[in-house]
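> Chains as they are written, first to last, in my numbering: chain A, 23 to 414; chain B, 723 to 1012.
Take the hints with a grain of salt, since some may be wrong.
As the list claims (entries may be wrong) - Below 25 angstroms or equal to it, Euclidean Cα-Cα: the simulated SDA-like pairs (lysine to any residue) are:
no.	chain 1	residue 1	chain 2	residue 2
1	B	Lys837	A	Ser144
2	B	Lys807	B	Asp772
3	A	Lys35	A	Lys303
4	B	Lys837	A	Glu173
5	B	Lys868	A	Lys100
6	B	Lys837	B	Gly966
7	A	Lys303	B	Lys837
8	B	Lys1009	A	Glu402
9	A	Lys100	A	Ala67
10	B	Lys868	A	Glu63
11	A	Lys24	B	Glu831
These are computed hints drawn from the structure, not numbers from a lab. Keep in mind it's a predicted model, so treat the numbers as computed, not measured.
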Amino acid sequence: MKIHEYQAAEILKSNGIPVPIGYMIDNLDEVKATVETIQKESNNAAVVVKAQIHAGGRGKGGGVKFSPDLNSAVDNAKSILGMQLITPQTSGEGQTVRKLYITQAIDIAREYYLAITLDRSSSQPIIIASAEGGMEIEELAHSSPEKIIKERIDPIFGLQPFQSYRISASLGLTGHALKEACKVISDLYKSYVNSDVSLAEINPLVLTKDDRIFALDAKFNFDDNALFRQENINTMRDIFEEDPADVEASKFNLNYIKLDGNVGCMVNGAGLAMAAMDIIKLKGGEPANFLDVGGGANVETVKNGFRIILSDKNVTAVLINIFGGIVRCDRVANGIVEAVKVLDLNVPVVVRLEGTNATEAKEILASSGVAIIPASSLDEAAEKTVEVAISK
Amino acid sequence: MSILLNKDSRIIVQGITGSEGSFHARQCLDYGGNVVGGVTPGKGGQTVFDEKLPVFNQCIEAKQQTGANVSIIFVPASFAANAIKEAAYAGIELIICITEGIPVNDMVETHQYVKQQGVRLIGPNCPGLLTPGEAKAGIMPGFIAKKGKIGVISKSGTLTYEAVHQLVSAGLGQSTCIGIGGDPVIGTDMIDLLGLFEKDNDTDAVVVIGEIGGQMEIETARYVKDNISKPVFGFIAGRTAPPGRRMGHAGAIAGGADESAAAKMEIMQECGIHVVESPADIGKTVKQEL
Chain A
23 MKIHEYQAAE ILKSNGIPVP IGYMIDNLDE VKATVETIQK ESNNAAVVVK
73 AQIHAGGRGK GGGVKFSPDL NSAVDNAKSI LGMQLITPQT SGEGQTVRKL
123 YITQAIDIAR EYYLAITLDR SSSQPIIIAS AEGGMEIEEL AHSSPEKIIK
173 ERIDPIFGLQ PFQSYRISAS LGLTGHALKE ACKVISDLYK SYVNSDVSLA
223 EINPLVLTKD DRIFALDAKF NFDDNALFRQ ENINTMRDIF EEDPADVEAS
273 KFNLNYIKLD GNVGCMVNGA GLAMAAMDII KLKGGEPANF LDVGGGANVE
323 TVKNGFRIIL SDKNVTAVLI NIFGGIVRCD RVANGIVEAV KVLDLNVPVV
373 VRLEGTNATE AKEILASSGV AIIPASSLDE AAEKTVEVAI SK
Chain B
723 MSILLNKDSR IIVQGITGSE GSFHARQCLD YGGNVVGGVT PGKGGQTVFD
773 EKLPVFNQCI EAKQQTGANV SIIFVPASFA ANAIKEAAYA GIELIICITE
823 GIPVNDMVET HQYVKQQGVR LIGPNCPGLL TPGEAKAGIM PGFIAKKGKI
873 GVISKSGTLT YEAVHQLVSA GLGQSTCIGI GGDPVIGTDM IDLLGLFEKD
923 NDTDAVVVIG EIGGQMEIET ARYVKDNISK PVFGFIAGRT APPGRRMGHA
973 GAIAGGADES AAAKMEIMQE CGIHVVESPA DIGKTVKQEL
């Protein structure tokens, strides 16, 4: 799960990490009073107006504006709130800006990068830092990997003070700033563990001209598997930032991701679902979605799966590929027949059922009278689906 | 022969009185595996399956009284990490965790603990192991497999069944099939298992099925180049997956460019692995090359 920058700043602040003074607003009426409050608290006329969407690259799309005074802040807020913000990480249509985060402007001496995530190779948390802040870390990893500092943490013993010191010193920090940076690193690790964070990224972490450390922008992603025990984090979910079809699917415990093609697919198991998308592409089609109906493929899941796939108007054909292990294919077949009857489908459906009770399932489909195109292998199923999707 | 699991393995099931646990324990028993008992805290002293199998409160009791050396875990996600640690503490040599949805932080800690105890964990979020004709420890449908000489290692469940089905259709049986799990933190990786298959006299070739996300397939490919003499076949699911999105499995998210399916397939090819382009050609390709 992702959250907004202003929510990440709240988490940092509550863990003792210094962040610029800032307030979130979702209404232009609040701009003037908010800017005045920040000016008074920070003793500085300049503020930064920042669009709040989940995608990164907001500055490049014109969603982050430095504002030297109240009038420019109000103008910038007017132009950003409600805009369709297009960044390298959004879709072509962009994302509607529904919230603004207005912060004090900070006098920056240097920018750094600091993040904690899981190192999958060692199965340990890893701290990644660099003195080249503000840059995309992936870019830096390719162009100058030697500029990236990495420190793995033994999860049983936790982050040790000498490790925070090593990282801060490697960033070139000294004196008071080094001490502050050590504390930031240790506090960030605590929030990483306590809030079940999957990525905690401060970019940039800045050194001010008066030798202080601030987290100027932050991004937090959370482990979906741990949300059941993170009540506070759950309240931060913003469904306006998620695809409506994904939200609908999650209500039915289905795993759905919308793509740009026209061949819908319904599969049991995530690996097989990806493989089905891949073979559709190999056969010359474009998959419209990823949909894993999971282990309990029955009448209800099949029906809901159809509803979600067909809510995408680009879909011109649907491939159902079920490999029954524990799932019984005859039950899935009954589900398909009933769903097709009830839903009055207007696109062709190709069905391939294999595994437990597959023979019975084929008989059920054949004798049902519903218009289903049967297939006996994954290859044949993909080929037939792409064929009917194109001719439609 | 086979790896890790055979007809002599003494298997217990943690969570045997739950609906999943009891269903699959029965299936493993019916397949012919040597299931010797189960563990459910608070239900020790009871029996299941017409008084055939004893239930214990703790793993350590089950181990002492049955001589178990394999445990299959079917407990809910919020308790599963503790169940793994309990089995490791009891010294169960092979722990197979089927449970999906365990928090990553729990697994990070558990992974370290299991290593310290010197035992092996398979999974979590996996279908387990199947040594055709001998035993199954997990949820793979036994009837689709056939005894033979191909090893199968996979991150996925149903895609493994698809691969096994294709192998059998091509006339090829399997020595052992292992689902290693689709989570970011898992107990046993592909390299460990390839090493075991290399030493197994009854395995002639290995099929490795990976997916987007993480570096495991790339590290595996480099390992194969230097250490494995038997033919290795590879498929990577998710070539059409959009970057940055989690595709069902918690670990299936392509972060950097080198975590994509295309990048993994390219490096596997470079390292001498027979890369299968289409998921429908796994069985056919192995048959042709052997």
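> With a cut-off of 25 angstroms on the C-alpha distance, tell me whether lysine 100(A) and alanine 67(A) pass.
Holds. Lysine 100(A) to alanine 67(A) sits at ~18 angstroms (cutoff 25 angstroms).
> Would you mind confirming whether the straight-line C-alpha gap from lysine 35(A) to lysine 303(A) stays at or under 25 angstroms?
Violated, because 47 angstroms separates the two Cα atoms, which is more than 25 angstroms.
> Within a Cα-Cα threshold of 25 angstroms, do lysine 303(A) and lysine 837(B) meet the stated pairing?
violated, 41 angstroms
> Lysine 1009(B) and glutamate 402(A): Cα distance at most 25 angstroms?
Distance of about 19 angstroms is within 25 angstroms: holds.
> Taking 25 angstroms as the top limit, are the C-alpha atoms of lysine 24(A) and glutamate 831(B) close enough?
OK: lysine 24(A) and glutamate 831(B) at ~24 angstroms, within 25 angstroms.
> Does glycine 966(B) sit within 25 angstroms of lysine 837(B), going by the straight-line distance between their CA atoms?
The given pair, whose Cα atoms are some 31 angstroms apart, is violated under the 25 angstroms limit.
> Please verify whether lysine 868(B) and lysine 100(A) have alpha carbons no more than 25 angstroms apart.
violated, 68 angstroms
> Can you confirm whether the C-alpha distance between lysine 868(B) and glutamate 63(A) stays at or below 25 angstroms?
violated, 73 angstroms
> Mind checking the alpha carbons of lysine 837(B) and serine 144(A) for me, to see if they're no more than 25 angstroms apart?
Distance of about 12 angstroms is within 25 angstroms: holds.
> Is lysine 837(B) within 25 angstroms of glutamate 173(A), Cα to Cα?
holds, 20 angstroms
> Is lysine 807(B) within 25 angstroms of aspartate 772(B), Cα to Cα?
It is violated: about 30 angstroms lies between the C-alpha atoms, which goes past 25 angstroms.
When each numbered hint is compared with the structure, violations occur for hints 2, 3, 5, 6, 7, 10.
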